[in-house]
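Chemist: These are the residues of each chain, in order.
Number of protein chains: 6
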Amino acid sequence: MRHHELAFTGPATFFKAPYRSLAEDWRAEVGFLGIPYDFAVGYRPGARFAPGALREASGRFAPGAEGYFDFETETYCLQGVHLVDAGDVDPAQLEYQESFRRITQAALELRGRVGLPVFVGGDHSVTYPLLRAYADLDEFYVVQLDAHLDFSEARNGTRFANSSPFRRAVEELPGLKSVFVVGLRGLRTNPEAYRAARARGHRLISARKVRESLSEVLEQLPRGQKVYLSFDADVLDPSVLPGTSSPEVEGLTYAEALAVARETVRGNTLVGFDLVELAPNLDPSGRSSLVGARLLAEVLCSRYRDLPT
Amino acid sequence: MRHHELAFTGPATFFKAPYRSLAEDWRAEVGFLGIPYDFAVGYRPGARFAPGALREASGRFAPGAEGYFDFETETYCLQGVHLVDAGDVDPAQLEYQESFRRITQAALELRGRVGLPVFVGGDHSVTYPLLRAYADLDEFYVVQLDAHLDFSEARNGTRFANSSPFRRAVEELPGLKSVFVVGLRGLRTNPEAYRAARARGHRLISARKVRESLSEVLEQLPRGQKVYLSFDADVLDPSVLPGTSSPEVEGLTYAEALAVARETVRGNTLVGFDLVELAPNLDPSGRSSLVGARLLAEVLCSRYRDLPT
Amino acid sequence: MRHHELAFTGPATFFKAPYRSLAEDWRAEVGFLGIPYDFAVGYRPGARFAPGALREASGRFAPGAEGYFDFETETYCLQGVHLVDAGDVDPAQLEYQESFRRITQAALELRGRVGLPVFVGGDHSVTYPLLRAYADLDEFYVVQLDAHLDFSEARNGTRFANSSPFRRAVEELPGLKSVFVVGLRGLRTNPEAYRAARARGHRLISARKVRESLSEVLEQLPRGQKVYLSFDADVLDPSVLPGTSSPEVEGLTYAEALAVARETVRGNTLVGFDLVELAPNLDPSGRSSLVGARLLAEVLCSRYRDLPT
Amino acid sequence: MRHHELAFTGPATFFKAPYRSLAEDWRAEVGFLGIPYDFAVGYRPGARFAPGALREASGRFAPGAEGYFDFETETYCLQGVHLVDAGDVDPAQLEYQESFRRITQAALELRGRVGLPVFVGGDHSVTYPLLRAYADLDEFYVVQLDAHLDFSEARNGTRFANSSPFRRAVEELPGLKSVFVVGLRGLRTNPEAYRAARARGHRLISARKVRESLSEVLEQLPRGQKVYLSFDADVLDPSVLPGTSSPEVEGLTYAEALAVARETVRGNTLVGFDLVELAPNLDPSGRSSLVGARLLAEVLCSRYRDLPT
Amino acid sequence: MRHHELAFTGPATFFKAPYRSLAEDWRAEVGFLGIPYDFAVGYRPGARFAPGALREASGRFAPGAEGYFDFETETYCLQGVHLVDAGDVDPAQLEYQESFRRITQAALELRGRVGLPVFVGGDHSVTYPLLRAYADLDEFYVVQLDAHLDFSEARNGTRFANSSPFRRAVEELPGLKSVFVVGLRGLRTNPEAYRAARARGHRLISARKVRESLSEVLEQLPRGQKVYLSFDADVLDPSVLPGTSSPEVEGLTYAEALAVARETVRGNTLVGFDLVELAPNLDPSGRSSLVGARLLAEVLCSRYRDLPT
Amino acid sequence: MRHHELAFTGPATFFKAPYRSLAEDWRAEVGFLGIPYDFAVGYRPGARFAPGALREASGRFAPGAEGYFDFETETYCLQGVHLVDAGDVDPAQLEYQESFRRITQAALELRGRVGLPVFVGGDHSVTYPLLRAYADLDEFYVVQLDAHLDFSEARNGTRFANSSPFRRAVEELPGLKSVFVVGLRGLRTNPEAYRAARARGHRLISARKVRESLSEVLEQLPRGQKVYLSFDADVLDPSVLPGTSSPEVEGLTYAEALAVARETVRGNTLVGFDLVELAPNLDPSGRSSLVGARLLAEVLCSRYRDLPT
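Residue numbers (the numbering used here), protein chains in the order written: chain Z, 1 to 309; chain H, 1 to 309; chain E, 1 to 309; chain X, 1 to 309; chain L, 1 to 309; chain D, 1 to 309.
Identical copies carry no separate label here, and so any pair may be met within one copy or between two of them.
List time: in silico SDA-like cross-link candidates among lysine to any residue, alpha-carbon distance up to 20 angstroms:
no., residue 1, residue 2
1, 209, 298
2, 209, 259
3, 209, 75
4, 209, 71
5, 209, 74
6, 209, 70
7, 209, 73
8, 209, 72
9, 209, 253
10, 209, 255
11, 177, 138
12, 177, 205
13, 226, 269
14, 226, 175
15, 226, 112
16, 177, 139
Hints in this document: simulated from the structure, not taken from any laboratory.
The shape of chain Z in the complex, shown without the other chains (with noise of 0.2 angstroms):
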């Protein structure tokens, strides 16, 4: 029998939800899925440790039964959800076709056991077999933050790194109709991606323009649609995670950022989430994994509304 606890006991699980494998049988409201993947990164590796770091950041964040009050608005969230923690998929390191299969494999399983899936890389490669886990949908969008397009046809030599998962999943996927990137200010860009991206009819929105309007950009993102929301932890600005590959200044603030999660999450249908690119190592302060726990939390917020009192 566990006593009131403090944030870092036990065995750490996401917001100290139970574990259970993807090999048992079990449903649940929320699953979360860890994917230490970071081979596609050809910069300052780490994302490969973001699963255990923020399992261990968001026994910080674990809500009891009654989920989270919000004391300005008197009203709760989260509330009576069931979370789990369906452990982590296992990377077959240098063989990326293989590890790309699992985790489709693992997404694939997830999809059916919970109401939202949730994903935590590793680096932003695994979203493009994360989303193969939709095929079977007709019509989705992506709704992605990022300082980066991720767009690239290749870069270093390769196809699949973490700057080419978007471009690899829509010539995979007739369903994927569109993705909306907000957050864009990467320096060095490449841009054939940025023609191949607008030529294809997705939506390109800098972080500049969030900061100019934020309102104007949410009004921009997708309505009454089935959304995989793909949430790169470098749209923050560095100064609110450091712990992340390629961190480029000037970034979202986290409220900025969570205001066009929420939008997406409570103007459409959420199929999926995931947050990828936070690198634990690079921040010796622990607080790039606190951020992240907590973005994952008001993220779920926003999908199991605030209720009355």
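Since the structure of chain Z is already known, use the hints to place chains H, E, X, L and D on it.
Modeler: Structure of chains H, E, X, L and D alone, referenced to chain Z:
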């Protein structure tokens, strides 16, 4: 004989002020008392090292005889104000009642010697024994800058952790009429604590409110009262001050927090001031301590007002 | 279904063993219990994070079904030994008597379930409540690997800090006949504590003695007894394990410390084993946790002896 | 033959430009000169490592043949601009007059070879010998982005520390007509220095002013002049760039600082540009160097203007 | 013209040697080739940064024209030996077969230009493509200093990770007659790999053996052969070199490891030498890179033998 | 009134001794003087922070009234010895001649007040002005524990860096008859310096010699002389003390270095003692400062000899 002094020379004392033990007889305008106690932290410890770290960092802001000069207004502050470092309270480690007794006693002694006692924690639990040193006041108020309410009846099996100091204080001190809390934004909050605080008439102001309208918040602060100012380092945004046990995103900017502190000091009679929950070990860049030291200096500047040259 | 597992995948448990709560009914050969309690540390805290860090680090040493293979002797150890992670005791933070009560109770429950309970602290104060779980034994001994005696009557105003666990234990447990302390080398020692320990017949062996003649030291260890092994991480030289509250130069090598632990295990009946005072936050290289995890594994190897293939 | 290059491959040079020694004969549009000198820092050293760290970090922003592409305006900058890394000045360590002599001489040589010399410090004291390389100009101006005035007659017993470069420069260079300082916000300021600067007609603009109205500040900058831009990394808010000797809260955002630099470059003839006081050792996250490298690139982009594709 | 040089000045190259691209035509006695590839690391990444870090650190050991002087023997080594930094191989990131092809090709080119090629990894997987550059040799041997055997058929789903380079090499290179492995001490070993290595006649020597009798170990090394020396940084004790992916306690001292390397070099014809698995990001003290740089220098000293003055 | 004191409480002074300014009149047995000067370091700076860091760390070894107790010999040392912290010399930063003048003057003043002056650097350049304070002695010797000779005529363009203090001292002080250097092991040595030192009759003993036979080395030390002991932190192996500018592998163990220091103290009349080149910023684990503090204590113990109880 000392020459021009570099910031890091000499045995470190607060702002290079002389050290005078409370065992000796002396008087001064401002007295600093360190309280290296963080045994009540339920998450990441380290605030026990804050008095030492702030002594070191404050060497960089040691005021000259003429105090600090503001080039925009051509005014000075802290001119000729006599500062003393009164040393630290020695905690009794696990025996918190004894530690608290020593803290209260040292605070009483300091109050008897100086115009303004400044307490440097330590975690926030120490504000309870510090406030006990004001039991003689018939009516006074607390302005608390904090991300968290710290008004829980109990937590993790104890009623005296850093989640409860103000609950304990109001129970014991009839003179403590109300607490104004500014900067609230925790995610995993305690509904009962919020309701109890409101029921007692406390003013609870979120960080979001401060961002929306700082001037409205300033208007809600007490006026013309005896006020104790309790500054929890985590009220600041973690990008400004990452070195704290429980950082929370979307905190106050330094300017916002200073404005609240300044307005408090200028509109009331400041009877005491603490800075707590700064954990220097959690910030390898060292800037958290520099921010804390500068904050101490600028709050004192508000009190020992700018005089035309 | 899991594939070949990388060290860092999955919710971390000790050596990737299954987690089974003490609230459930189960039996195993070895059970690990974490005790994330470091409120009794009078210097640099952090041992509260050791259970989490050792769970993560031990993933690198997760034994396969056949245990570990030694290529020089062509033998295996830990073959087929059933390990369970029994989770953590939840400390009651400031209320040490309640924390200690919970620790003793959990230890008792674990003793009832497993052949060998392994306790992962936490600071050394927890060994006192752990030893209370052996109050039923008429005669048993402690072998303590430690740089410090930890036998003070009181320190810093308390009798229950990490300087006193063995003083408290011998006062309360008539069955605890003697303590063999190996590795002593503190500078600021407490003469009264040394005299009291010797008066009670404890064996006090310095690190210098170990360096002079390890074999003589091994001969002085108990034989054929019920023994509880208490391993304070600071017995190791800080170059081997820098992540500890109070490192002392000229400590034992890993091989020396392991030899003492092995001889203890092989020559006696091991009734319990703790590893304490490892503070992962004090070692940014991460190797302290890897050393601690390997030590746990190798002590278990001594117990579950090498069998020819 | 090189393939697509990852950021971190090859001997690091500024933006992966070729290294050409000043002992050789060559011409280029832009030449970088490192000045690994921080012996004049009176607080936390480390700027000596900035040239090396910026060479490494700038690998991530190595422009391709077509320069950088801005997807919002569909324009390019730095297209076809020839960059050269001219290596470092070797300081004579303690012998600052000799170090300064070498710096002036190397700057003169670089000026003779390139359209725009870019100097990477080192601490701010090096701007004095750098400016001496412009003694031939009859009239030129300095725009200084800085938290501190750096115009002290002397400090800590010396007239040549990083608190005094501009005082020394105006004494020696009749052509240096005025200094525009933007971003001032130090607490422990030197009244005499401020008065002397104002008496000489320097324009002193606080960080607060920039926040109040960036456009008004931009209007106060020089126009149509020969200008030397001196960028002290501490003008940026420490949340953006923590790696600097003397961080000061409430600094400029990256966008604000870049706007000031851009306006300076576009409205005038840029004769030289330095980036100083970046101390990579004070920022274990590595992002300070990335910010510095990006800033160098974007200032160059302002100079080698955006051309329609 | 350069003055006396400090360790950290100038674009960093190995030992401040000139950089010459493999695309150019040149000859030298010793050529360094960096291989910033660590995508095959199954635990803690970072070896991709070793070539850059060793270039920086080796600046401290830049030999003068007369090489290094040994005051005890009054001899010099490396006198007049011509060193060249040949740059890095650009990995193709995820596409390991392509990366390996590039590595082999670059190694071949370097072999054609220099008396002794020195390869700086990267993880240990790169030794396989490096050894392929010696396919022309009818008979040669490998001396491998390593904590781990690295002879697994496959691991974590791949046959090309850093656990398998020597298995792959012996399969492909009939000229590679045997591997002498010194320093073995992993805990979680692979019995099949050990048996396969022994079956093929490899010599497997534990770290324990080295401690027992270094001279006996030295006698077992090959004599009079063509030898490739592969130095895995983790053969060293983690107290000496903490910056490595998989540190193992009870490693070789620097003197022991150097003795093995020296004896190998002096008793045979050294055809190639690699230093791998140094991960500078895992050692914030920076000393791991300094140890690695010194080791490179001292192995070269063994090869370019001490000559009387 | 102080209670039992934790290590980290109170304004930090050396071993919690009272601070007495050299401007006041006092006498004591032992006086500590900090010299926070590292402007003469040609590699990694940080020794300027050593006096502050050693004040903090030495709190852990604050001797009680009875000094330290050795349980093996049942003896005490430092019993009743009066310690004073005399503060720091204020460097004149760039103006090294002025800094050196202040150091010499302060050392002279301290010598006039105490039985044994203990100097805490700072880099090794400060030993030259310290030794000048002994110009009145007709005959005295230096025992220097050091990895490097520090006897260069000049380096990097200066004759006063930390490579030359003993060259300068012997030039200026006829009474300084010889220097015994123990622990030498640098790689990039200066042949001229070695020859000059030998020509002057200095005794040069390598670290290798110490390892081969410590007793032979001890026999070579001076006897019955006035001796100044200069302890460069880098004489210790970097595994023991990583926090130093220029760590060199294969250094002395703590026990070996202490044995040399002890023998020096016991066999001679100790006239002064310095500890230099400890750079706390290069060791995030904090143990370098703890080692340095312990070393100070144990050298004092050798001087204020063990008395039977």
